[in-house]
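Participant: Chains as they are written, first to last, in the working numbering: chain C, 1 to 393; chain F, 1 to 393.
Simulated from the structure, these hints should not be mistaken for laboratory data.
Just so we're clear, the structure is a prediction, and the values are computed from it rather than from any experiment.
Treat each hint with caution, since some may be false.
Because identical chains share one entry, a pair is satisfied inside a single copy or across any pair of copies.
Straight-line Cα separation of at most 27 Å, BS3-like style, residue types lysine-lysine; simulated pairs [said to hold, decoys possible]:
#	residue 1	residue 2
1	99	240
2	118	339
3	99	279
4	339	83
5	58	353
6	338	118
7	83	338
8	19	236
9	138	118
Number of protein chains: 2
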Amino acid sequence: MLKLPLGYRYGAVYAGLRKQEADDLALIVPDRPAAAAALFTTNVVQAAPVRLARQHLKATGGMVAGILINAGNANCATRTGEKAALATSRAAAKSLGTKTKQILPASTGVIGVEMDPKPIVDALPAAVADLSADRFEKVARAIMTTDTRVKMASEEVPYPGGAVRIAGMAKGSGMIHPDMATTLAFVMTDAAIPARALRDLLKQGAQSSFNSLTVDGDTSTNDTLALLANGASGVKLNPKEQEVFGEALTRVLESLARQIAADGEGARKLIVIRVTGFKNAEDARRIAQTIAKSPLVKTAVGGSDPNWGRILCAAGYSGVKFDPAQIDIYLQGQPVCKKGLAAEFNEGELKTKLNDGEVRIEVVDRAGGKGEARYFTCDLTEGYIQINGSYRT
Amino acid sequence: MLKLPLGYRYGAVYAGLRKQEADDLALIVPDRPAAAAALFTTNVVQAAPVRLARQHLKATGGMVAGILINAGNANCATRTGEKAALATSRAAAKSLGTKTKQILPASTGVIGVEMDPKPIVDALPAAVADLSADRFEKVARAIMTTDTRVKMASEEVPYPGGAVRIAGMAKGSGMIHPDMATTLAFVMTDAAIPARALRDLLKQGAQSSFNSLTVDGDTSTNDTLALLANGASGVKLNPKEQEVFGEALTRVLESLARQIAADGEGARKLIVIRVTGFKNAEDARRIAQTIAKSPLVKTAVGGSDPNWGRILCAAGYSGVKFDPAQIDIYLQGQPVCKKGLAAEFNEGELKTKLNDGEVRIEVVDRAGGKGEARYFTCDLTEGYIQINGSYRT
Numbered sequence: 001m002l003k004l005p006l007g008y009r010y011g012a013v014y015a016g017l018r019k020q021e022a023d024d025l026a027l028i029v030p031d032r033p034a035a036a037a038a039l040f041t042t043n044v045v046q047a048a049p050v051r052l053a054r055q056h057l058k059a060t061g062g063m064v065a066g067i068l069i070n071a072g073n074a075n076c077a078t079r080t081g082e083k084a085a086l087a088t089s090r091a092a093a094k095s096l097g098t099k100t101k102q103i104l105p106a107s108t109g110v111i112g113v114e115m116d117p118k119p120i121v122d123a124l125p126a127a128v129a130d131l132s133a134d135r136f137e138k139v140a141r142a143i144m145t146t147d148t149r150v151k152m153a154s155e156e157v158p159y160p161g162g163a164v165r166i167a168g169m170a171k172g173s174g175m176i177h178p179d180m181a182t183t184l185a186f187v188m189t190d191a192a193i194p195a196r197a198l199r200d201l202l203k204q205g206a207q208s209s210f211n212s213l214t215v216d217g218d219t220s221t222n223d224t225l226a227l228l229a230n231g232a233s234g235v236k237l238n239p240k241e242q243e244v245f246g247e248a249l250t251r252v253l254e255s256l257a258r259q260i261a262a263d264g265e266g267a268r269k270l271i272v273i274r275v276t277g278f279k280n281a282e283d284a285r286r287i288a289q290t291i292a293k294s295p296l297v298k299t300a301v302g303g304s305d306p307n308w309g310r311i312l313c314a315a316g317y318s319g320v321k322f323d324p325a326q327i328d329i330y331l332q333g334q335p336v337c338k339k340g341l342a343a344e345f346n347e348g349e350l351k352t353k354l355n356d357g358e359v360r361i362e363v364v365d366r367a368g369g370k371g372e373a374r375y376f377t378c379d380l381t382e383g384y385i386q387i388n389g390s391y392r393t
Numbered sequence: 001m002l003k004l005p006l007g008y009r010y011g012a013v014y015a016g017l018r019k020q021e022a023d024d025l026a027l028i029v030p031d032r033p034a035a036a037a038a039l040f041t042t043n044v045v046q047a048a049p050v051r052l053a054r055q056h057l058k059a060t061g062g063m064v065a066g067i068l069i070n071a072g073n074a075n076c077a078t079r080t081g082e083k084a085a086l087a088t089s090r091a092a093a094k095s096l097g098t099k100t101k102q103i104l105p106a107s108t109g110v111i112g113v114e115m116d117p118k119p120i121v122d123a124l125p126a127a128v129a130d131l132s133a134d135r136f137e138k139v140a141r142a143i144m145t146t147d148t149r150v151k152m153a154s155e156e157v158p159y160p161g162g163a164v165r166i167a168g169m170a171k172g173s174g175m176i177h178p179d180m181a182t183t184l185a186f187v188m189t190d191a192a193i194p195a196r197a198l199r200d201l202l203k204q205g206a207q208s209s210f211n212s213l214t215v216d217g218d219t220s221t222n223d224t225l226a227l228l229a230n231g232a233s234g235v236k237l238n239p240k241e242q243e244v245f246g247e248a249l250t251r252v253l254e255s256l257a258r259q260i261a262a263d264g265e266g267a268r269k270l271i272v273i274r275v276t277g278f279k280n281a282e283d284a285r286r287i288a289q290t291i292a293k294s295p296l297v298k299t300a301v302g303g304s305d306p307n308w309g310r311i312l313c314a315a316g317y318s319g320v321k322f323d324p325a326q327i328d329i330y331l332q333g334q335p336v337c338k339k340g341l342a343a344e345f346n347e348g349e350l351k352t353k354l355n356d357g358e359v360r361i362e363v364v365d366r367a368g369g370k371g372e373a374r375y376f377t378c379d380l381t382e383g384y385i386q387i388n389g390s391y392r393t
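Bound-form chain C, shown alone (with noise of 0.2 Å):
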């Protein structure tokens, strides 16, 4: 059962954007401005909606009155994509009593094709009039492409004040054809916490969650991750409080994260890899990341292969120095690799172990130094290529 935040209204429709009809226009509406945070893609190609965003943000100082999201269009690499933005973030405005630079607008969908705001605006009376505190899910939904299942987290933080609640919902991971492109998440809170000090939670809670999963490497140009706190529950938090909201912010980022990862494109299983043992984090870090993204680790995986030297290889190649007899490697728990050669163990009873929906792969340097790191990733299948090599028609 969802912990939803005081105070949020929410509301999708289906503005015809999509070829199937199915919600593809959701609003998230703070009962009052809310103070907000929010972290964009770094491709340096851009979707207009993420340029629009950042000024917003910017220009208020964090402070947004309405989320305003559209999926079957990302808005990006089009002649009259600022027009486009700027034009729904207007009518958006319009519709909820709000200025222009209090909506955060965010786009999902087909890069390159020009967006007709018309359907948007048209539409957003009735997204208005759906607006419901009880429609978080629906817009969940609303947000999802080739995603098949909906992806939410909620945590509730008892403080001596009173208790105040997080909730987030994301989208997306791997890309949709025909160039669907974008992970999206909104997450609120009904704390109040100012808007500098939830760029500071939102950016450390990142590092362990959207900043540490992949499913194909491709970084998309309408990543949008944004926090709101509007104050609702009447719990102001101090410093020290924060750092516990800080906790449980990460828990629902770490499993909007999760749930992206198990969800890729054509995957079947959710891949968690844990890195121990290196001089540093950031060494622990790149070869996490080297492992997650390496195709031959990801279909070993995928056809429960226990195939370790793989895993050592990809190490090998992350650009970080360490010694091979140094290195011991653990899937589900079982060893299989110990001082960088072959440990003894059953191989039928590995493999069907490598059959469950979450494997854990561990990589330890017994040099013990204090650098670790976690990643998310998922098996790469004959789906993923389905999904992604069919003609765009």
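Let chain C serve as the given structure and place chain F on it in line with the hints.
Facilitator: Below, chain F without anything else, positioned relative to chain C:
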């Protein structure tokens, strides 16, 4: 018709390392010890034969009397790796009447399985007996693993003092089930060039060929590219003549690299990526490599989908700063993106052109910088998953 250099003999036999009966042990023997240079994998996990080959080249200052190659076992991450590599090199030296340090060992096959030297030692007399000047292709076949086609290239260069010949063979790209992991390439010439100059020529030639090639981004533990010059043509090249030689060598290496990409695991198409107009060669190279590694680009090419948004997107996350509004993209010579926006083209016609066995992607920065690069890769298909995702039995 291959133009084989004078003064080399080739032999191959079945030593029993492969399951199916096909040659898996090969020798390449210059009539007299040849000047030699080699490039090896940059993976920190390196197979025993790679380490030994390095030592040998160092000890002799680049002098090789025989190349000893086995398929079926990579002799990597093995307890007895050093011993096995040394024992087989010793046996080869004895059979050929030369010194152990003049043997260049190379292995390809499964990682992490102990390699018994006995079958190799036992089969060496037969391999020596098989040596003949006309068995170049036989050896090129013996070193194949998942390769579906034999890979050979040659050049003849006329000089005032007479012609010299360069002939190369290569195997691999992609890693073969289970864990087979290697690109091996051996290039022989009958020109007289000292080892020091050979090294420079090889490095230079590798840059635009073997170092501009990716199938799955996985750098193997056994990669070896060796160049031998035995001087049997009697033609000694001065520095100016060596430059012309270098160009011919580069053509041989590029031909081999193209053949490897075209025969990548599961590949139906060679992809040639050309990037021009960027600030410098390094930027162009990073962009070309990022596009070449993108699973979304590779699956789109597999599906003959003129999906330029994915190409632009990959360029965007390469880490290179550029202005997307200055980017043009061509597929098979057809403009598909102009100034970062969709160009008009006949999609049906272009799809048909994308069914070709060779797909050309060009990315041009209108900024008009001098930085350019070319990269070879292949499409990503279900075949790759099937080859690499099946059970290890």
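Participant: Just pull the numbers of the violated hints for me, sorted ascending.
Facilitator: 1, 3, 5, 8
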